[in-house]
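Visitor: Taken in order, these protein sequences are the chains called U and S. The opening residue of the first sequence carries number 1 in full-length UniProt numbering; numbering runs sequentially from there. The opening residue of the second sequence carries number 1 in full-length UniProt numbering; numbering runs sequentially from there.
Fair warning: there could be bad hints in the mix.
Simulated restraints, written as ranges between beta carbons of each label pair [what the hints assert, rightly or not]:
#1 S/Asp219 / U/Gly20: 50 to 58 Å
#2 S/Glu240 / U/Leu32: 40 to 48 Å
#3 U/Lys293 / S/Ala349: 55 to 63 Å
#4 U/Lys316 / S/Glu294: 33 to 41 Å
#5 S/Glu301 / U/Pro227: 35 to 43 Å
Coverage of chain U stretches by chain S, computed from C-beta distances (three or more under 8 Å per stretch; other residues unrestricted) [claimed, not checked]:
#6 249-260
#7 263-275
#8 280-293
Hint data in this document are derived by calculation from the structure and do not stem from the laboratory. Idealized CB from N, CA, C, for every residue including glycine.
Number of protein chains: 2
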Amino acid sequence: MTSNTQVIYVKPPKEYPIIGETMKIAKSTIDLDCALSQGDIIIKNLVLSVDPYMRGRMRDPSIESYAPAFEFNSVMTGDTMSVVIKSNNPKFKQGDLVYGKTGLGYFEEYSHVKGAYADIGYVVRNDPKTTGLPLTYYVGVLGMPGLTAYVGLQKYGKPKKGETLYVSAASGAVGQIVGQIGKALGLHVVGSAGSDEKVAYLKELGFDGAFNYKTQSIDEKLKELCPKGIDIYYESVGGEMLEHVLNHANNFGRIVVCGMISQYNTSNPYPIRNIIYVLTKRLTMSGFIVMDKENIAYEEEFMRTCTQWLLEGKIKYRETVAEGIENTPQALLDVLKGKNFGKQVVKIADL
Amino acid sequence: MTSNTQVIYVKPPKEYPIIGETMKIAKSTIDLDCALSQGDIIIKNLVLSVDPYMRGRMRDPSIESYAPAFEFNSVMTGDTMSVVIKSNNPKFKQGDLVYGKTGLGYFEEYSHVKGAYADIGYVVRNDPKTTGLPLTYYVGVLGMPGLTAYVGLQKYGKPKKGETLYVSAASGAVGQIVGQIGKALGLHVVGSAGSDEKVAYLKELGFDGAFNYKTQSIDEKLKELCPKGIDIYYESVGGEMLEHVLNHANNFGRIVVCGMISQYNTSNPYPIRNIIYVLTKRLTMSGFIVMDKENIAYEEEFMRTCTQWLLEGKIKYRETVAEGIENTPQALLDVLKGKNFGKQVVKIADL
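In isolation and in its complexed conformation, chain U is listed as follows (with noise of 0.2 Å):
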């Protein structure tokens, strides 16, 4: 038997999770040469993505929502690389890197995955064998995130050269390509951030103006640094920033509603009060999430590119790397509390 540290769940968190009581590190042991049913793959995992969207797993699973709730005391799951180590499924091969996509991939050393479960939750992604980009960007820039900014974007964005673009979040592990594509179609682009640092960052990512929403009034620095309003709000924080936009959007303004980060680990939502701009204005506020099919329909296209502006350096990402398994719950909640600088990801294993 091996030895095999896992990252369980416990039980729904009332505000920010609290590591030890809702969320936990523990050993357990796996046979790594047991005899495996038809279907079945082991694998070892490489790579963990945190992401802010976890903590609405975090739920009593009666309560319906698009990502579903993560099950009390088991294994977490997020998305991860990893690579097979064994293979009883003809859709794997042992040396294989497989992305655990949608969510699905174990929060583990090892896997033992099930056949059923390794045909909805695992897809092989070599890719990076053959590009030589780092095994971390493909659960960052190439993957969820890198699709949810090119998806939101595109789509419910509906860009026109020369609008203003403003992105909350701007450092973070979508921000931060969204602004990047921004500035690629023609906008000019807008961040903020909390941190000078991250202020710093923008602005060497070519952002035409960015700010530090904590230490700067957000009204004046939108007015400031949006002279001609905002056409367009990728908005991943929620609560009162909504509520700043919503006073500086143009009439046909586009919010597109990635994520609400400011909501999520509260019991006291932020109440708007000025939701009458959608009408005045004539907004549209979409909401989406990346995991629908007809989103999810875009990846190809969307992997293609942006592999392409990466290895061209026309992109560029940045990430924070946490370092070992027993890391994982604090970097869950660094990203919940806004702590990381850029994609958090946390590397469990070398390949």
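Since the structure of chain U is provided, determine the placement of chain S on it from the hints.
Guide: Frame of chain U; chain S shown alone:
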């Protein structure tokens, strides 16, 4: 000189308009025999339309919004039907019926309209002479409210047979048409209104369900009457009603924001705390204004279709007709307070 009673807008109200203080009736005179400059016309006004959106025009003119602010101490304007009694403009002949459109028709007994204003504010609409339909219909079911219902439901609601449509303010100028079009398209249609008499009328019109939002629990009635959830919400009310609908909306629901009357007359907007459903349920919330060019473009198609429906009895239309120009301020106040039943109009003269 001929006596000419006028409706005067005095100044912006803080909450509800106050008759005699923020809007009033005034006596003036007009010279109906004067020589007309090139382009001028003199019209006798027959029907005035009072509508909720007019409250938004009673504001500080420095605040921009979709409909221009009323000018202080000036004749109020809105949609009207009138007859030309004298013309020095090739577009208008004596005896022509004219529609004072996009809120530009003068609210007075007679108007001497300058050429430049006549060209943008008035259009010949002799249809009632051949259809035999009441003049009042041409500022209601066949005017701006009818077009609003038609465009809003079709273009922004994107209805699919079998879906559930919920209409607030359902017995009003717009709502009663939305519901009837919804039934014609094969939707499950539910409406709410503010009196049992109005609710009975909705059932008469063929609504599948209807309730009195003042005496019944909105939450319980939505649960009961929309057992499959709400796919399309035709929004005219805002505030607490919107919050309830967000709770009952289905994934991929559309919220067509036509108005938010509950928020027009208050200095303390209702705080919405569940806007996060836009994200988790992937809702689209679209504000629209019928006067926008791309919506006005539907006018011809709409008038042809709707005239046919009315003549065939497929669509019914309920009105409250106030008699006499001096009752205009009260009629408008009634609309803002929901005291009218159906479309509120003011008849000020016979043809």
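Visitor: So which of those numbered hints doesn't the model satisfy?
Guide: 1 and 2
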